[in-house]
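J.: Each chain is listed here by its residues.
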Amino acid sequence: MSIRHGLLALLESGPRYGSQLRTEFESRTGATWPLNVGQVYTTLNRLERDGMVVQDGEDDAGHALYVITDAGREELRNWFRSPVDRRSPPRDELAIKLAMAVGAPGIDIRDVIQSQRHHTVQAMQDYTRLKAQATDVSPDNRDDVAWLLVLEQLIFQTEAEARWLDHCEARLVRLSLMNTQKEKQRRKEQEGAADAAGDGTDGQIRPADPAPTGEKPSPASRVGLGRSRSR
Amino acid sequence: MPDQAPHPVLQLKDLTRVHGSGATEVHALRGINLDVFPGELVAVMGPSGSGKSTLLTIAGGLDTPTSGQVIVENTDLTTADRKQIAALRRRSIGYVFQDYNLIPALTAAENVALPRELDGTSARKARTEAVAALREMDLDSLADRFPDEMSGGQQQRVAIARALVGDRRLVLADEPTGALDSETGESVLALLRSRCDAGAAGVLVTHEPRFAAWADRVVFLRDGAVVDQTLRSQADSLLTGQAAER
Numbered sequence: 001m002s003i004r005h006g007l008l009a010l011l012e013s014g015p016r017y018g019s020q021l022r023t024e025f026e027s028r029t030g031a032t033w034p035l036n037v038g039q040v041y042t043t044l045n046r047l048e049r050d051g052m053v054v055q056d057g058e059d060d061a062g063h064a065l066y067v068i069t070d071a072g073r074e075e076l077r078n079w080f081r082s083p084v085d086r087r088s089p090p091r092d093e094l095a096i097k098l099a100m101a102v103g104a105p106g107i108d109i110r111d112v113i114q115s116q117r118h119h120t121v122q123a124m125q126d127y128t129r130l131k132a133q134a135t136d137v138s139p140d141n142r143d144d145v146a147w148l149l150v151l152e153q154l155i156f157q158t159e160a161e162a163r164w165l166d167h168c169e170a171r172l173v174r175l176s177l178m179n180t181q182k183e184k185q186r187r188k189e190q191e192g193a194a195d196a197a198g199d200g201t202d203g204q205i206r207p208a209d210p211a212p213t214g215e216k217p218s219p220a221s222r223v224g225l226g227r228s229r230s231r
Numbered sequence: 001m002p003d004q005a006p007h008p009v010l011q012l013k014d015l016t017r018v019h020g021s022g023a024t025e026v027h028a029l030r031g032i033n034l035d036v037f038p039g040e041l042v043a044v045m046g047p048s049g050s051g052k053s054t055l056l057t058i059a060g061g062l063d064t065p066t067s068g069q070v071i072v073e074n075t076d077l078t079t080a081d082r083k084q085i086a087a088l089r090r091r092s093i094g095y096v097f098q099d100y101n102l103i104p105a106l107t108a109a110e111n112v113a114l115p116r117e118l119d120g121t122s123a124r125k126a127r128t129e130a131v132a133a134l135r136e137m138d139l140d141s142l143a144d145r146f147p148d149e150m151s152g153g154q155q156q157r158v159a160i161a162r163a164l165v166g167d168r169r170l171v172l173a174d175e176p177t178g179a180l181d182s183e184t185g186e187s188v189l190a191l192l193r194s195r196c197d198a199g200a201a202g203v204l205v206t207h208e209p210r211f212a213a214w215a216d217r218v219v220f221l222r223d224g225a226v227v228d229q230t231l232r233s234q235a236d237s238l239l240t241g242q243a244a245e246r
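For the record, the sequence lines run as chains U and E.
Just so we're aligned, residue 1 is where the first sequence starts under the numbering used here, counting upward by one.
Just so we're aligned, residue 1 is where the second sequence starts under the numbering used here, counting upward by one.
Since the hints were derived computationally from the structure, they do not count as laboratory data.
Since the model is a prediction, treat every value here as computed from it, not as a measurement.
Any given hint could turn out to be false.
Claimed, not checked - The calculated label-pair distances, taken between Cβ atoms and stated as ranges, are:
{"id": "1", "chain 1": "E", "residue 1": "D167", "chain 2": "U", "residue 2": "E93", "range": "18 to 26 Å"}
{"id": "2", "chain 1": "U", "residue 1": "Q190", "chain 2": "E", "residue 2": "D223", "range": "53 to 61 Å"}
{"id": "3", "chain 1": "U", "residue 1": "S13", "chain 2": "E", "residue 2": "D144", "range": "27 to 35 Å"}
{"id": "4", "chain 1": "U", "residue 1": "M100", "chain 2": "E", "residue 2": "T66", "range": "40 to 48 Å"}
{"id": "5", "chain 1": "U", "residue 1": "R187", "chain 2": "E", "residue 2": "V18", "range": "24 to 32 Å"}
{"id": "6", "chain 1": "E", "residue 1": "R30", "chain 2": "U", "residue 2": "A146", "range": "44 to 52 Å"}
{"id": "7", "chain 1": "E", "residue 1": "A198", "chain 2": "U", "residue 2": "A146", "range": "52 to 60 Å"}
Beta carbons: idealized from backbone N, C-alpha and C, even for Gly.
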């Protein structure tokens, strides 16, 4: 997350002290990503080193007042102009967890999905409630409008996750159905072969279970979608 | 959420519904228990075929369960006779459908007044009630419009007004946002939410998590059974705690 550019954006409206920047950053984003004062000063020091801001005097307590430079303005404009890169996504713990749950012994991946869905939908309920409280914002209040945008981003993000989880579950169910059908097909073929052998038994001697010796485990059992539990 | 323990407006007890028989038997619902209290909006989610629409049609008296009880405002729909059920549907239960189902030849106010008139209220009184209901939902400007003169979102809001006119306290909504764009859908949900905040009990069937999130409680169905449910957490500080860890 770019604290750096966030601070530059706030400084563009005028000189600020570090503590002021922290307060404004949080009120603009509804304290969704809280900053500590240390982070603010570390970032300001780097910005100063890179020539994006300069100090312009101090208050009585010795706090420096920061001012954006032309280089800082240029950097800020570039930031607004260029898209946020989505092609090198950060590691996603949930995606990693589901990938690991495929075939993990003793783990029903549907339980993993449901426990996440529970959490995600609950988070959405909470965000939605905050949003319901935030909708009578005045369009002139920058902080209110910004907070509403941030909240809605959280709602859309959790929604995407909930839908993705639904999709994962549907996908797994479909894969397991496909597998059941394949199994049936194979049994039929085996029976057909036995009938064609024409040994006079009319296919009546059938193994109770068409011994799957040395077969690969079925996709259903590989994805942890055994049918034992739900039906 | 209600503080004192009020009586549920809707109770489903050990509800089962089996379609067909023998080899083609389908268990649409397998032992559902659900109470919905005044002031509460409950969302029912689940993949298609999980039984969510069946649950709603049974709760609304449009279908009968194979076993179990459906109790609406203290009347058991499974033992009531047809006349009683019809009366209950006029007086206690409002139904909102995906495709609005307003009567095209009637204005918004007439649509809202209709269930009251059918229930024996005089036309004039029914009209007054309807206009009041529309005003309460900020829809009074639509009172004299016909359905084809309204947008989808407006029609659906009128349908909610119709579902809750009179003393009716139970609104059952089956994918009410299905035909609407995202923002209009949201305004419909906001209205449903505000009606529940004002004391109605609502059951919303949806496959859209963003709309389900308006509910106090989200019930997840799978293969005709409740597998899980969420409660809205009480914490307002949810945005400070975990966010700092990221």
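J.: Can you let me know if the beta-carbon spacing of S13(U) and D144(E) is within 27 to 35 Å?
T.: Since S13(U) and D144(E) have Cβ atoms about 49 Å apart, the given range 27 to 35 Å is violated.
J.: If I claimed the Cβ atoms of A198(E) and A146(U) lie 52 to 60 Å apart, would that claim hold in this structure?
T.: 31 Å, violated
J.: A range of 24 to 32 Å was offered for this pair. Does it hold for the Cβ distance of R187(U) and V18(E)?
T.: Since the Cβ atoms of R187(U) and V18(E) sit about 29 Å apart, the hinted range of 24 to 32 Å holds.
J.: For the pair M100(U) and T66(E), does the Cβ-Cβ distance stay inside 40 to 48 Å?
T.: 41 Å, holds
J.: Just to be sure I understand the hint, the distance between the Cβ atoms of R30(E) and A146(U) should be within 44 to 52 Å; is that true here?
T.: 48 Å, holds
J.: Note whether the CB distance of D167(E) and E93(U) lies within 18 to 26 Å or breaks it.
T.: 50 Å, violated
J.: Would you say the C-beta atoms of Q190(U) and D223(E) sit inside 53 to 61 Å of each other?
T.: Cβ of Q190(U) to Cβ of D223(E): about 30 Å, so the range 53 to 61 Å is violated.
Comparing the model with each numbered hint stated earlier shows that hints 1, 2, 3 and 7 do not hold.
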